[in-house]
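Undergrad: For reference, the chains in residue letters:
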Amino acid sequence: MSDWITIAPAGDIPPGHAARVEIDGVPIAIFNCDGTFYAVDDTCSHAEASLSEGELDCDFCTVECPLHGSAFDLQTGEPTALPAVLPVRVHQVQVVDGVLQLALSEEEAA
Amino acid sequence: MAVEAHELTKDYKYGFHDVDVSVFRTEKGLSPEVVAAISAHKNEPEWMLKFRLKALQHFEKRAMPAWGADLSGIDFNNIYYYVKPMEEQGGREWDDVPQSIKDTFDKLGIPEAERKFLAGVSAQYDSEVVYHNIRADLEKLGVIFGDCDSGLREHPEIFRKYFGTVIPPNDNKFAALNSAVWSGGSFVYVPKGVRVDIPLQAYFRINSDNMGQFERTLIIAEEGSYVHYIEGCTAPTYSSDSLHSAVVEIIAHKDAHVRYTTIQNWSNNVYNLVTKRAIAYEGATVEWIDGNLGSKVTMKYPAIYLMGERAHGEVLSAAFAGEGQHQDAGAKCVHVAPHTTSNIVSRSISKDGGRTSYRGHIKVYPKAHDVKVSVRCDALLLDEASQSDTYPYSDIENSEVTFGHEATVSKIGEDQIFYLTSRGIPEAEATALIVNGFFEPFVKELPMEYAVELNRLLAVQMEGSVG
Amino acid sequence: MAATVESVAGITATAVEARAAGDPAWLAERRRAAWEAFASLPMPDHMRDEDWRRTDIAKLDLDAFSVEPPTTVVQGEALLEAMRSLRAEAAPDSAFLAVTRRGLRACDDMDMLTAQGVIVSTLEEAAHNHPELVQRALAAVRVGESKFLALWDALWRTGVFVYVPRSVDARVPVWAAYSVAGDNGAIFPATLAVLDDNASLTLVDAYASPAGPAPLLCSAAALMVLGDGARLDYHHVQQWGAGAWHFATHRAVLGRNARLRVFGATLGSRLQKVYWDALLDGNGSEALLTGVCFGDETQHLDLQSLQRHRGESTHSDLVHKVAVRDKAVSVYSGLIDVEKQAQHADGYVQNRNLMLGEGAKASGIPRLEIKANDVRCSHGVTAGHIDDEQRFYLESRGVPREEADRLIVRGFMQDALDRTPHAGVRDLVARLLDAEIHGRSQAGLEAAEDGAL
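Those protein sequence lines, which keep their order, are chains P, Z and W. The numbers in the first sequence follow the working numbering, run straight up by one, and end at 1072. The numbers in the second sequence follow the working numbering, run straight up by one, and end at 1150. The numbers in the third sequence follow the working numbering, run straight up by one, and end at 454.
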């Protein structure tokens, strides 16, 4: 498993909010859904758009890409609607002592 | 590190609790109020209202496409987006349809014979389904064939499961518009293993001045099923421009087979901007048979996403552009899964300054190996004033693929004309014969009545009279 | 060897002024206008510019390159020798000019052409001595037309100029060799040719740098004007090292009944975006364009072509053969544009892509815009892998698989090679392709780098 990287105080990303960070040149989107954190690759698998600018649906735990509307399941990274057909990588997130930490997925970036 | 977080969940600020439901016709133009009135009038569930409003936001934000046909003539504020012609929705028998509406169908010359053989007909009139008839045996098989409004109401789980998953609201500007103000259109559900032998048909029409047609069709074919759906539409001529922005979503499950035939002959003032897309799962086949004869401008690129192994996609496209017309049509096949195949054939003719454009996209994803794709586009230019374009895009990201695309543009060969004229056939007739022959691959895929109607329409076009 | 000193001559207004200092006034003015245009134009963006949609140059940093080699490092010879021997192999009788960042390094065997009245010189000289002729060729580019053309327009130096007088058939080819060595060099090859009525010429542009990952920037232009009845056979062979960013526009304007044949071989560079523009202005003019491209490793090779039919009874035919291996990417986008009055036009485009590895990608976008009706235009794109049947045929005759595959790839390229106008260039490129097919990348020359050029 990849190493845990310290990102920010968990309070920096309140519920319903998202942030974009870059780790080793790869943009990652972090979301807070009603207190639970999720992290996926920021770049949509369909086209060059930033998922951290998209629409978060905490009921379904998905984020919708702002460009063409594909929604991605934040737990699996799989698209739940076209036109995206490929999943985005999911990264592990944890909160330790109020600090948000992230471990990059071991899969190769697209 | 410090991060900059921003809010993504948005609460819709439009709290429409008390809406004037007696609105017979919404005012011209587009606004959250109009959208909410439509939803309230249809008594839709909350999620659909939210869906519509969100789609409206996307529509307003999104720029007009920078490519394709010239859409500068569309005045979005000068259109009625919803009109209901009858108190209740859809009678069951043809006899229940109002006489004035029947008369219009008569004028359009829908042959008597057709009506007898139809399995079921949903006739759209001014955005609302007026006529709805499902044959008893279809019902017994569990086949659902109705309009989308009823589909949402009577089959909410299936409807919600698939609606908007093939074409999400902000897929493109016009899908967003449709998603905000959609009304009518067909909802088809074919259960596992069921074969629907007779084509399901529907008619659409723009009738009153400045009406937009925003029908939404959703077709779900369960495992191993077969269905052929035909959409043929006509519209009379108006003084100001009309807008038709439809969305068609098809889901073909494992080993299912769906064929969707369209003959479009909108009058020459209509902007026909359609998003049609299908998902084909394992072993499934989807065929788009797409005929574009009318409208001022058509932009339509039927698409198939081949998501399961051994899925197959077929697009057969025919376009005719006469004076003042621009048919910008094509096809899109996206190979996501391995062992998939697709075949696209496009035939177009331009005459009297008309313009046809083929616009296509073939994409083969990296994991899609053993893929075969064939694209063939042929265009005829009948005179000096006309124009033809071809814009085929192909992105092949797997090596184990056989992909071929070929296109030609030319005029009718002198030798072909000579062959016929030297046998005593007048040149105009000779040209018409050749045109018929040129469209033959398309026409032969149509049911008889349509083939006859199409040949009649082509003859009219070739005579130079405006359809 | 002296230590490499950081050159201060980057892509700056100072460098432009340094060039302009030696120019005639009209050229200096053009350079300055081009520099202004360059400075104000944004870098092409794959999100915003359709031409660049599949070619992302976000990682290119123009500030990292030097237009002058470091003065403390000696001028190399090994690379020049290698360039010489390529020319000797393919066209030993040709008039040879070698251009580097420092200027002209060789100018051999001009006599045969001079005796015929053919003008062959550096472009710099020609700007002084034959301004009208140079202007005729430069007119093919609008100042500020695009970012990389503006860069070229502002910063080219030396260059090669050829003028062939009326009815003269240039007896030997002209071979222009452009080379760069030493880290982070930037070069702006400028080959301009003007052929008067019924003149003919064979012209070769060769680009090469040492093999290796050293970053390099090239923004080149070759502009050719063909008078009525003129015939030009133009070849270009690109063998930049694997760290090179290569941008080039090869553009020809054809008069009545003129004939252009182009052959371009792409073997090197990290990323290239090349434009071929064949402007068939004169009635009866004809352009035959052939490309061979072999990409390996992570090369990104983009060719964009335009066949513009403006005159009547014009004919154009393009064949672009691509083989991609490893994770290489090829992009081909071509437009046949037939204008309203261009009746009796024949236009053809064929792009064939052979995919040789799991990660390889090919995009083909041949487009047609036809506004005249009495025409015949067609195009085709294919993408495929090695044909199992062909392979089996060879293996069953005792040819081992690897060898069979090589023969098949070579066979795939053969008909494009057969279209090479100059036999010597054809054989040279065939040899380079063979080496490439055998796994020896031809990105750059295996010349020991003994200095900076």
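Honestly, I wouldn't trust all of these hints.
Unchecked claim - Straight-line Cα separation of at most 35 Å, DSBU-like style, residue types lysine-lysine; simulated pairs:
(1) Z/Lys1046 / W/Lys372
(2) Z/Lys1050 / W/Lys341
(3) W/Lys328 / W/Lys60
(4) Z/Lys1094 / W/Lys341
(5) W/Lys328 / Z/Lys1127
(6) Z/Lys937 / Z/Lys737
(7) Z/Lys844 / W/Lys328
(8) Z/Lys875 / Z/Lys744
(9) W/Lys328 / Z/Lys1094
(10) W/Lys341 / Z/Lys856
(11) W/Lys60 / Z/Lys1046
(12) W/Lys372 / Z/Lys1127
(13) Z/Lys733 / W/Lys60
Just so you know, these hints were derived from the structure itself, not from any lab. Remember, predicted model here, so these are calculated numbers, not experimental data.
Undergrad: Would you mind marking each hint as holding or not holding in the structure?
TA: Verification of the hints:
no.	hint	result
1	Z/Lys1046 / W/Lys372	holds (29 Å)
2	Z/Lys1050 / W/Lys341	violated (44 Å)
3	W/Lys328 / W/Lys60	holds (18 Å)
4	Z/Lys1094 / W/Lys341	holds (14 Å)
5	W/Lys328 / Z/Lys1127	violated (44 Å)
6	Z/Lys937 / Z/Lys737	holds (32 Å)
7	Z/Lys844 / W/Lys328	violated (39 Å)
8	Z/Lys875 / Z/Lys744	violated (41 Å)
9	W/Lys328 / Z/Lys1094	violated (42 Å)
10	W/Lys341 / Z/Lys856	holds (33 Å)
11	W/Lys60 / Z/Lys1046	holds (26 Å)
12	W/Lys372 / Z/Lys1127	holds (30 Å)
13	Z/Lys733 / W/Lys60	violated (42 Å)
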